[in-house]
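Per our numbering, the sequence shown starts with residue 6, numbered consecutively.
Note that these hints are calculated values from the structure, not bench results.
There could be a bad hint or two in this list.
[Claimed, not checked] Derived SDA-like pairs: lysine to any residue, alpha-carbon spacing no greater than 25 Å straight-line: (1) Lys405 - Gln296; (2) Lys405 - Met391; (3) Lys405 - Pro468; (4) Lys405 - Tyr144; (5) Lys405 - Tyr344; (6) Lys405 - Pro253; (7) Lys405 - Ala502; (8) Lys405 - Ile416; (9) Lys405 - Arg438; (10) Lys405 - Ser491.
[Claimed, not checked] If you anchor each label on the Cβ, the simulated ranges turn out as follows: (11) Asp55 - Leu176: 42 to 48 Å; (12) Met391 - Arg100: 42 to 48 Å; (13) Ala462 - Ala186: 57 to 63 Å; (14) Asp303 - Ala398: 25 to 31 Å; (15) Leu176 - Val327: 41 to 47 Å.
Please read all numbers here as calculations on a predicted model, not as lab measurements.
Glycine is no exception: its CB is placed at the ideal position from the N, C-alpha and C atoms.
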Amino acid sequence: MNSSVTVGASPLTPREVVAVAREDATVRMDATALRRVADTRTLIEGLADDPQPHYGISTGFGALATTFIAEDRRAQLQASLIRSHAAGTGGEVEREVVRALMLLRLQTLATGRTGVRPVVVETYAALLNAGITPVVREYGSLGCSGDLAPLSHVALAVMGEGEVRDRDGALTTAAAALAVAGIAPVALREKEGLALINGTDGMLGMLLLALHDLEVLLTTADAAAALSIESQLGSDAVFAADLMALRPQHGQAASAANLRAFLAGSPIVASHRGPECTRVQDAYSLRCTPQVHGAARDTAAHAALVAGRELASAVDNPVVTVDGRVESNGNFHGAPVAYVLDFLAIAVADVASMSERRTDRALDVARSNGLPPFLADEVGVDSGLMIAQYAAAGIVSELKRLAAPASVDSIPSSAMQEDHVSMGWAAARKLRRALDGLGRVLAIEVMTGCRALDLRAPLAPAPVTGAVRALVRTRVAGPGPDRFVSPEIEAVAELVASGAVARTAVDATVVDAGTVNAGTADAAPAGATAADREGAATA
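Throw the hints in and build the complete structure from the sequences for me.
Quick look at the structure:
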């Protein structure tokens, strides 16, 4: 069922942004917010009549800020601003990203701090509800003043110009799509052009979507690691709660709790727990899993804090203050968002790197503790999962390149008026690709770990890892002679991306009553830790 999200009453939540961007939730405008918008617009119209120049109202923009514009040329000024700034190039940006940035710009407009008319606010909401998605191009934003080019492509569509995709994804003109939906194009007036394009909405939208996905992927990473640790005869003793308490990092504790829960009741782990086990310590890629996965969790938590502050912001230039002043400012600079986008790319690359190392260990007869070389069926004839590891290694190598920060790569623009820019849009774009890569690397580890568990028979896996293996076996067959591997990787990658692997692991977690929790996805968020799920199950 299509849910609804109210805009203007309070800051949007990350979940509401995801609902509109991905699930086509209906947008409803708060009535009080619309009145606030109308009151602020009255102030702007009074300044428009003032013979003294006011930036963005009766002047040009950027390096042309000192140029006074006569009243009869201001409508043309606003239209020219949008047309000239809609200068993106390259491939089309994903529908969910465009919808997220539209919603976030709508939220800022609804604060009453930008000076637009209520009709502008209502038109943005109407486009979202009609499923009309302006065509936004990959390149064009420097992240300062905000995401100018992407937001200009959206504003162009609101004016009834440019190209859009309709609800079914068909490419058409904005004029035609608006006509079919019964939406009148907006003729922009003083201040409105600037208000529609001065914001961090594109990079923020991609950050929120990334955080939603990363939550699921980090739980998946814990499940994948549990498969590897168990099937490679690793120890779970190093994940004990009292050991974690000696270093009270929150993310580390959450990851260790997952690993303990996912490996609980494992006959395989129990089989080598006695004094006959001669291994003193496991390799870092097994033993230090909570430390790395936990650091990524803490990084995501910091990024979520920044995103929450940005969601509560009204970013525009100039901005209308609460006491009615119209002031120039630098709040559109994307540095806070850009930094955490880059930070997340580093964490993503490192989690993937550790995952690939665990996969490689499973395939190496010298390090896998008794598994056949490359998990092959007939050694020497079959290659097993040898080249699947190559794929993971190739992705990890790219993720390391994507971890190079974009936010330090400022380049001046606008005749040196905008002489330091954030590159936040670029940071967000590379993070999206990095998350896709992480999901595929984890899928290869999951597939490898499940095959390795099969090869440990007759020993049985833990209830949780066994449930994950059963899920994978609905899409991918178990050990056997070599077969076409690529479709199997894609199938498991789909299970990872959909959150099915994470949900299966969390839903199968053994709770303290000694039973297997078969709770619904509503018991705790998809991607929640085992500790979160346990709390939901026992509440």
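Right, here's what the structure says about each hint:
1. Lys405 - Gln296: holds, 19 Å
2. Lys405 - Met391: holds, 22 Å
3. Lys405 - Pro468: violated, 35 Å
4. Lys405 - Tyr144: Holds. Lys405 to Tyr144 sits at ~22 Å (cutoff 25 Å).
5. Lys405 - Tyr344: holds, 17 Å
6. Lys405 - Pro253: violated, 28 Å
7. Lys405 - Ala502: The given pair, whose Cα atoms are some 21 Å apart, holds under the 25 Å limit.
8. Lys405 - Ile416: holds, 23 Å
9. Lys405 - Arg438: Holds, because 12 Å separates the two Cα atoms, which is no more than 25 Å.
10. Lys405 - Ser491: holds, 23 Å
11. Asp55 - Leu176: 42 to 48 Å: holds, 44 Å
12. Met391 - Arg100: 42 to 48 Å: violated, 38 Å
13. Ala462 - Ala186: 57 to 63 Å: Distance hint for Ala462, Ala186 holds at roughly 59 Å.
14. Asp303 - Ala398: 25 to 31 Å: About 27 Å separates the Cβ atoms of Asp303 and Ala398, which means 25 to 31 Å holds.
15. Leu176 - Val327: 41 to 47 Å: holds, 42 Å
Checked against the numbered hints above, the structure violates hints 3, 6, 12; every other hint is satisfied.
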